[in-house]
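Letter by letter, the chains look like this.
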Amino acid sequence: MRGKGIVGVDVHKPNKPEIPERVGLSMLVGFIASLGLLCLVDISSASTYLAVMLSILVAAGIGLVDDLKDLKPLHKVILATLSGLPILALRAYEPRPLIPFVGRVRLTIAYPIAIPFALSVTSNTMNMADPVNGAMSGSASIIITTLVLAYLLAGKPKGVLAGLALLGAVLAFYVYNRYPARVFSGNVGSFAVGAALGSLVVTNGLEVVAVVAMLPQVLNSFMILSSVGGLKGKTSIPVRPTRLLEDGLIEAVKDPRAPLTLVRMILASSPKREAEVAREFLTLTAFSSFLAIITVFLTVEVWV
Amino acid sequence: MGVRGTVWIYVDIFFAWLSMLLGLYLIDRLVDLTPILEEFMSRTQIGVVEVLITALLFILWLIAWRILTVKAFRRIIGS
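Just so you know, the protein sequences line up as chains A and B, in that order.
Using my numbering, you'd call the opening residue of the first sequence number 1 and step up by one each time.
Using my numbering, you'd call the opening residue of the second sequence number 1001 and step up by one each time.
So that you can see chain A by itself, here it is in the shape it has in the complex (with noise of 0.2 Å):
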């Protein structure tokens, strides 16, 4: 990607680096390549794991335009929905989620209507929670593990396999991307990632589980949208949420017109180094994990 002059300022170093930009398209090839292994070595579920997989595939050249013509963030979204087709023309979803408390829960119209819109909000929301070295790959994978032992909890093997095919991929992006990153994902990386997690839970089940793993991501797109008054792109933000000062450490800007972001709110109380704003961005994923694992429990019969 150096070679071919694609790459991304890092910035939030004092000297600007410039990093490989666009190499979530590696998460991609290895999406592709265990989902793939796995349709033909589980056959009964195959086409579960080609609907996650066409997902992902869709979802990733969505970002991958995005990466080249920088789409408006009411396209991003819209075009997001369709990643969402996939699965509603394979009919790998089951109808019947899991509440907690509630039980199983017949929703034959209403949740392949969601289906697309849950997807377009994993994709987005992993696309927006991408400030820092390793957040999005470092929170997707904590945010996979969960789930992988959710569906072991819940005797889902299917989910187990599906889960384990995306987390390797994710892993070994994060070794290359964590801080100091030597590669970015760019938008193809994190919406094959969001569409990765939502396609993953619309075929597996545990929809409630996901979304409490995900609660950090959630509060930061949701405060983002509702800070700077919906939809818009970076240009038409007039203040953005931190700085970098001299001596390397980030700071939280004060303006009421910045938009509030998850790192806005780390750095609220004092300015952080850069790592430190990474290691906490992800003990926030892993503390709300761990509230999943606790909701996993009051959703299902744990089955282990």
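Hints listed in this document are in silico derivations from the structure and should not be mistaken for laboratory results.
Be a bit skeptical, because a hint or two may be false.
[Unchecked claim] Straight-line C-alpha distance at most 25 Å; calculated PhoX-like pairs for lysine-lysine:
1) Lys13(A) x Lys254(A)
2) Lys1071(B) x Lys4(A)
3) Lys69(A) x Lys254(A)
4) Lys254(A) x Lys1071(B)
5) Lys4(A) x Lys232(A)
6) Lys4(A) x Lys16(A)
[As the list claims (entries may be wrong)] Stretch by stretch, here's where chain B covers chain A in the computed footprint (C-beta under 8 Å, at least three residues):
7) 63-72
8) 107-113
9) 286-299
Virtual Cβ for every residue (Gly too), placed ideally from N, Cα, C.
Take the given structure of chain A and dock chain B to it, following the hints.
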């Protein structure tokens, strides 16, 4: 408030989780509209109404979460 560093974000997420579960518990135990609605609605229509009510409650929960988070953030960044 006395909360320093990032502990307040953990508390914020914990309360979001707890309130979500409490809401689901209360919906399950206290609110069952089926006997009232089935007198003038089909089973499918009742399902749609229940989904809409849940969506409305989810939006209200999000708004309440936002108000609490913004208040806590302003207190921390202003201190």
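**OP:** Verify the coverage statement for the region 107-113 of chain A against chain B, using a C-beta to C-beta distance below 8 Å and requiring 3 or more qualifying residues.
**Re:** holds (count 4)
**OP:** Measure nothing beyond the straight line between the CA atoms of lysine 4(A) and lysine 16(A); if it is 25 Å or shorter, mark the hint as holding.
**Re:** holds, 19 Å
Original post:
Does lysine 13(A) pair with lysine 254(A) here, judged by a C-alpha cut-off of 25 Å?
Top reply: holds, 21 Å
Subject >> lysine 254(A) paired with lysine 1071(B) [C-alpha distance capped at 25 Å] >> reply: holds, 14 Å
Subject >> 25 Å limit on alpha-carbon distance, applied to hinted pair lysine 69(A) and lysine 254(A) >> reply: violated, 32 Å
Original post:
Does the structure keep lysine 4(A) and lysine 232(A) at a Cα separation of 25 Å or less?
Top reply: Violated, at about 30 Å.
Subject >> Check of the region 63-72 of chain A against chain B for coverage (Cβ-Cβ below 8 Å, three residues minimum) >> reply: violated (count 0)
Original post:
Three or more residues of the region 286-299 of chain A near chain B by CB distance under 8 Å?
Top reply: holds (count 5)
Original post:
Going straight from one Cα to the other, do lysine 1071(B) and lysine 4(A) come out at no more than 25 Å?
Top reply: Distance ~47 Å between lysine 1071(B) and lysine 4(A) Cα, so the pair is violated.
In this structure, the hints that do not hold are numbers 2, 3, 5 and 7, in rising order.
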